[in-house]
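Please build the complex by placing chains L, W and Y on the supplied structure of chain S, with the hints as guidance.
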Amino acid sequence: MANLPLSSQIINLCAAVLLLVSFAMLSQRRVLSLVQLFALQGAVLCLSTITVAWTAGRSELYVSAAVTLALKVLLLPYILHRLIRALNARWETELLLNVPATMLVGLLLVIFSFGLAQPISQLAATVTRSTLGIAIAVVMLSFLMMITRRKAVTQVIGFLAMENGLFFAATSATYGMPMVVELGVALDVLVAMLILGVFFFQIREQFDSLDLRNLEALKEE
Amino acid sequence: MELLILLCIPLLGAVLLALVGERDWAPEANSLMSFATFAAGAALTVRVIGSGPMLAFHEQFFVDPFNVFLVALTAFVGFTTSLFSRPYMRVEQHHGRLNRSQLRLYHSMYQLFTFTMLLALLTNNMGILWVAMEGATLTTVLLVSLYRTPNGLEAAWKYFILCGVGIAQALFGTILLYFAAEKVLGAEGTTALLWTHLNQVKGELEPVVLSLAFVFLLVGYGTKVGLVPLHNWLPDAHAEGPTPVSAVLSGLLLNVALYAVVRCKVLVEGSLHNGMAGRLMMAFGLTSVVVAAFFLWRQKDIKRLFAYSSIEHMGIVTFAFGMGGPVANFAALLHMTVHSLTKSAIFFAVGHAAQKAGTQMIEQIHGLLKLSPTVGWGLMLGSLAILGLPPFGVFASEFLILTTAMRDHPWAAPILLLALGVAFAAIFSRVQSMVFGEPSLSRLPHAPALLPVFAHLLLVLALGLFIPPYLAGWYRLAAKLIG
Amino acid sequence: MNHVVNAGAWLAQLVAVTTAIAAAPLLMGWVNQCRAWLQNRSGAGLLQPYRMLRKLLYKDAAIASAASPLFRVTPYILFGAMVCAAAVIPSLGTTLPFTAAADTIALVGLFALARVFIALAAMDIGTAFGSLGARREMLVGFLAEPALLMVFFTVSLIAHSTALPTMAQALAHRGAAIYPSLAFAAVAFLMVLLAENARIPIDNPATHLELTMIHEAMVLEYSARHLALIEWSAALKLFNYCCIGLALFLPWGLGAGDWRSLVPALGFLTAKLAVAGAALALIETFSAKMRIFRAPEFLATAFLLAVLGLLVHLLLGS
Amino acid sequence: MTDPAWTMTATLAIPLAWVAIGSLGLLRARSVLIAGRVLFPLGAAAALLLAFLSLASIGAPVQTAVLPLGLPDLPFHVRLDALARLFLFLIGAASAGITIFAAGYFRSGEGTPPGLLCLQYHVFLASMAMVVMADDAYLFMVAWETMALSSFFLVTTQHRIAEIRAAGFLYLLLAHIGAIGILLCFGLLQGGSWQFTFDAMRAARLTPAWSSAAFFLAVFGFGAKAGIVPMHVWLPEAHPAAPSPVSALMSGVMLKTAVYGLLRVGFDLLQVRCWWWGLAVLGLGLFSALYGVIFAAAQTDMKRLLAYSSIENIGIIFIGLGLALLFQGFGMALPAALALAATLYHCINHAFFKSLLFLATGSVLHATRQRSLGKLGGLIHRMPTVAWLALVGTLAIAGLPPLNGFVSEWLLLQGFLFSFDLPHSFVNMLVPIGAAGLALAVALAAYVMVKFYGIIFLGRMREPRLAAAKDCGRLESLGLMWLAAVCVLLGIFPVTVLALLDNVNQLLLGSGLAPQIDHWWLLAPVARARASYSPLVFLLGIAGVTWLTVLVVHNFYHGRVRLTDPWDCGFPLQNARMQDTAEGFGQPIRQIFEPFFQMRRELPTPFDGAPRYRVEIGDRFWIWLYQPAARLVQATARVVGLLQQGRIAVYLLYSFLTLVALLLLTL
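Residue numbers (the numbering used here), protein chains in the order written: chain S, 1 to 221; chain L, 1 to 483; chain W, 1 to 318; chain Y, 1 to 667.
Be aware that a few hints might be false.
[Claimed, not checked] Derived, one-sided and incomplete: chain L residues facing chain Y with beta-carbon distance under 7 Å:
no.: 1; residue: A36
no.: 2; residue: P229
no.: 3; residue: N232
no.: 4; residue: L389
no.: 5; residue: L417
no.: 6; residue: G421
no.: 7; residue: F436
no.: 8; residue: P468
[Unchecked claim] Label-pair restraints from in silico Cβ distances:
no.: 9; chain 1: Y; residue 1: L625; chain 2: L; residue 2: E363; range: 23 to 29 Å
no.: 10; chain 1: L; residue 1: T359; chain 2: S; residue 2: L194; range: 32 to 38 Å
no.: 11; chain 1: W; residue 1: V275; chain 2: Y; residue 2: R560; range: 40 to 46 Å
no.: 12; chain 1: W; residue 1: T207; chain 2: Y; residue 2: A610; range: 32 to 38 Å
no.: 13; chain 1: Y; residue 1: F216; chain 2: W; residue 2: V275; range: 53 to 59 Å
no.: 14; chain 1: L; residue 1: T149; chain 2: Y; residue 2: W194; range: 47 to 53 Å
no.: 15; chain 1: Y; residue 1: L665; chain 2: S; residue 2: V198; range: 37 to 43 Å
no.: 16; chain 1: Y; residue 1: C274; chain 2: S; residue 2: A217; range: 56 to 62 Å
no.: 17; chain 1: L; residue 1: E363; chain 2: S; residue 2: M179; range: 53 to 59 Å
no.: 18; chain 1: L; residue 1: D408; chain 2: Y; residue 2: A333; range: 37 to 43 Å
Calculated from the structure, these hints are not laboratory results.
We put the CB at the ideal spot given by N, CA and C, even for glycine.
Isolated chain S, as found in the complex (with noise of 0.2 Å):
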């Protein structure tokens, strides 16, 4: 570690972060903890992003950074947080995995990960390489926390800690990805944000609650 430059190591402390923002999420049932954890992911995803493009002098990452910024460390906090006090759905009842299983899961997958970003990472050329695994790890562990959650509004979080994974993976391992690229997939989750909240609404008036177990009529029976 020592030999490495300060940006690296500041990268590698925002990877180690989200990875650690991340299990906490997996475990967090709280729903309004979970939105404030989703926005520090966001606000940490900035913060390396700015660090990258500083770093590899790529100016576009600076918008980069700044679409992160608004979307995910401010705007779609924002959103969840008013759809969950609006819906009133503030609690996690109960997980389908017990947390400790969940996170025992969580360290195989992260386990995992490393070793399906070993090859890779040796491939890149970026300062940020050794971050992929933590990366997929991320993905990996949203995907989790989606499986083994019962409300609409937590797999929606999950959904877009997903995309942070997926973002993260973008900056660090390439550098980011064309711009018009980057701003379709930010207009995609803004849109898909805006759908789901509207979702939201409808599913509790259909419902009366947002809980997933209302959500399992179609089926071969």
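Chains L, W and Y alone, transformed into the frame defined by chain S:
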């Protein structure tokens, strides 16, 4: 130029219909827009056939025989579906299942969906392809949940989450692709995600990265194709949305998603040279065919039934693309075409039948032939066509796929045939009980639009007996492109 | 065996057919007479069948009003078929011109034709007994027919032919060779003969007991000349069967079919038929009528024996 | 007439004309008059033309053509050779009679409108003709499945009746499964050339193992269509469900296309043949023949009875086919030719007599609206034309001389006689047992046909309303007469027919019976000393003697007849219900062959006020084979259905696990 018009018309239409989509003449406007799109698509097709592949707008758009054929198909099915949806949506409104604002949403999203489909097909940028696919998901989510019923919401939610997660994997795959390409093409330009460039240098791309990328891309776009075991959203979304949406989902969206997979496969195969991508696709395809065939046995809802049939056929096409080679690719393209035409025709007929019966439950629909012979025959012939009975075109493509399978992978042919047999028994027994027997239906306030049904079936029939040389040549070119 | 279409052969053919037609009731009378003797009765005499026929022919026919033309035409067809069969069977000589028209398989077909017609006629009136008889007759028929065919197959193995004259010739000239397969075939043939001709143990020609009768149940509705023709056909059938049996298993003394050989052949035939008739009477006397449901077992045994004969031949190569 | 190009064009024009005629029917779909008086007779004329054309050119050299249709790399190939021409003759000649009958038969009412029926009917005809003409796998499959499809629609004409729908479904399902077998067979046949023309398949060289696989796939596929046990279950369901002309066409003609297919594959496309195939086909045929005829004897529905009889006859055809394969496998040219000729002969025979009988049941059905044998009887008095023509068919199918059914059975038995010369010591003992089985089947067929004819047409009417039955119309009787006449002609002039069939022998076996056929009136396929049969002499003999007897009896005695009540051993109380029923007539068979049946009896007790006896005959194969298969599919579907159990988390898990598994795979 045609390209720009082609993309602008549906976008304009979406905006326009978002404003006036609740008017009485909105369905006609929708059809008109779709027709204009179709005309532009036809013009583009003619041009590409005449002067070969083209690039446009800083290489951001790209048209070759492979995608132009899908563009033409998409525009055509989009147009005929809009024709079908005119009386259909009017009847829905009449029955009070839809209000005016929902109708406006429907029309606007219909056009937007067409736009995203065309964008996904025409773009040269793998990133934009992803954006368009996600856009298509978003528009169709709104379409699926149009009725705001509990089941509709559930279906839309599942569709959204599953496809959203799936497509996130595809984004990761795209990132990895970019990661690999960047080393060869350089990060400075924006060329590193352009398919034409990637295709030129595919031999130099890093195999390890590409194989990982392909896994993510396959799982991602494969979710949208409806490959088993990623298919779970598909039957729900098909069954709960309005029937025109089911028709375009089956007829177009699945094709476009598969198109994305195939584009990726071309790159990956070019880099890996070990047939891994093909084998994966074959495995997914075969699983889908077999599992879907058995799923068909448990269906009580007519639209779900045909949704599973779509999974089955997408499995067949995926399998064929997985096998690769000129004949299999040719057959797969042909199968895509005839499946789109046939399945949308079936959904048209099913839509009318379900409206007449006031239910989608198979057990409660009888004697279509007696009360409405044209709808009955449309459904019957469409089902027979989709089941691969000659002289319909589906048989032609299945014949080619099966014979190729016998040659290249003899073990797969009996499995495919068995699944086809199981599917035959399942679908036919149900359709027969609906079409035949004592009638249980009522009349509708608007005359059904049967022109699209029989136009599609006639095309499919013609393709079974005679494939015009220029069409065959075009398929061959496309098949060669895919390799 | 070239197609000899000379007058002499045709005349011999005519003699053979006439002999058959004329002598068939005599054979029937002889069997009945022997049976009477064996049962310590004096019997009605050799000529009783002729008297019977004459009486029937002179009577007015009484026909059920529900009868269709089929009912009336059947006795004639039956008689025609039996006469044709008689013409085909080499009873006197082996080169009679008509014999080429049918081999043994065709002969079996001819018997089947007669059987189907009489069964149909029996069903025509629509009485309980008629259809009962038809059913039983067809039951016996479908079991006897394959057995008979197998018998012919066994013999044709030796003769390499299914044409009766050729078979008879081949067997007549076999010298001292012993064919065990023929013994099986002969027993099977005998069993078929008993069944097909409505003799004990399958049927009792002398009874009208509804539980047991087969042939008589079918012809209950016939009277007068129709009945006469049917009785005559039955006699001809017995005669034909006996001649087939003789041609296959005791083929000595058959003429070639020309004038000179005709007279000794006639003598041989008379002698052999006399013995056969007596033997038939003996068998009938010594056995008891079976229940109708036992008939399939009886005929299955015949069938089995015939097939065994065949296999024995293949196994022993002789 | 024998100008090759001209006959090819003309032969191809006829299916086209059929399709055109059928399409015309759609213009006035509801008009019985146009369909019945114009279109169907036109179709019959085309059929007749096809028959004559094929007959006249049967000895002509092989002609091929490529049509500008089909797949880009595999346009439609057609080919006319002796085999194709023979079956075209069969299709044309039999369908001519059936179509002219149909012209008078179809009426408006419930079910498919006549115009549409006309289209389906003629497409059916055209597809059968194309099956026979096809010279590549694609066209063959297209025609084959079109045939199945059009006949399915014809079967389900009365689709509002649930049993008919079920029958149609079963039929199409088995046809489809059979088609899958055929497709696989073609896949093997191309033998690595990946050309799906039949020419390429002829040129392919397969190993014996692959040849055997291909052959047995063909037996499976074509057997499903032909109704070979155990793929026969659709036949007794579909034939009664269909309108009678359709049953006639399916049973008489369509089943033969399956035989054609097997002949084409077995003798023409496959170059390597093994003798033991013959044994297997022979065994299958034998079992089918016995099974079919035993079940036919137990039936109480006249069309079901005929359907089972079709199974029997197809079994006999397969016996012949197996025998021919066996002989050819051992290089015995003459016996092979004999057996093959017998097979082909029986195909033609069955086409005519079975069509005749099915059409006769159609007339009975129209006149009485009754299919159950237990409610018919005495119809010879009300429907003499139908009854007498049906008698011809009955005698023919029962295999009685001098009609046609006997000729083919005679030839087949003659073929069996050669089996003793087979060089394989085990086989030469096994095959004669086959002859015994065949003889038993044929004898049982006579039993069945006596039951069929006697109960429908003879005796007294079992229901009072039968008295209102009317004889068939003019067009219908014309159709029946044509078929009956051909039956008689085929029976009387076997030598002429054999000379025609010999063209096929030459094509498929490379050798024929030709030198053995010399006298036109005397059938002696091997040598006169060995066996000979002359139906003409036979017929003249019987007719002459009968006539003479009539003359003698009437001249010497007298012809007075008194009409009375039946005597019946003096039983005083008699009514029509005291006749044997269909169940009663079948009772001995049910008893003897009890293990074959799945029987459910309902017996009255001695104290029943209104005693009732009921017996239901079930097919054991249905219980042993089809129901377990259906249950297996259902069970699998149930298991598969667990995949979709509604919980989104589980779906995500699938996606997740798939991803992880694939990643592990690539690592």
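Each hint, compared with the structure:
{"no.": "1", "hint": "A36", "result": "32 Å, violated"}
{"no.": "2", "hint": "P229", "result": "4 Å, holds"}
{"no.": "3", "hint": "N232", "result": "4 Å, holds"}
{"no.": "4", "hint": "L389", "result": "5 Å, holds"}
{"no.": "5", "hint": "L417", "result": "5 Å, holds"}
{"no.": "6", "hint": "G421", "result": "5 Å, holds"}
{"no.": "7", "hint": "F436", "result": "4 Å, holds"}
{"no.": "8", "hint": "P468", "result": "9 Å, violated"}
{"no.": "9", "hint": "Y/L625 with L/E363: 23 to 29 Å", "result": "28 Å, holds"}
{"no.": "10", "hint": "L/T359 with S/L194: 32 to 38 Å", "result": "34 Å, holds"}
{"no.": "11", "hint": "W/V275 with Y/R560: 40 to 46 Å", "result": "42 Å, holds"}
{"no.": "12", "hint": "W/T207 with Y/A610: 32 to 38 Å", "result": "35 Å, holds"}
{"no.": "13", "hint": "Y/F216 with W/V275: 53 to 59 Å", "result": "56 Å, holds"}
{"no.": "14", "hint": "L/T149 with Y/W194: 47 to 53 Å", "result": "52 Å, holds"}
{"no.": "15", "hint": "Y/L665 with S/V198: 37 to 43 Å", "result": "39 Å, holds"}
{"no.": "16", "hint": "Y/C274 with S/A217: 56 to 62 Å", "result": "59 Å, holds"}
{"no.": "17", "hint": "L/E363 with S/M179: 53 to 59 Å", "result": "55 Å, holds"}
{"no.": "18", "hint": "L/D408 with Y/A333: 37 to 43 Å", "result": "41 Å, holds"}
Consistency note: the structure conflicts with the earlier hints numbered 1 and 8.
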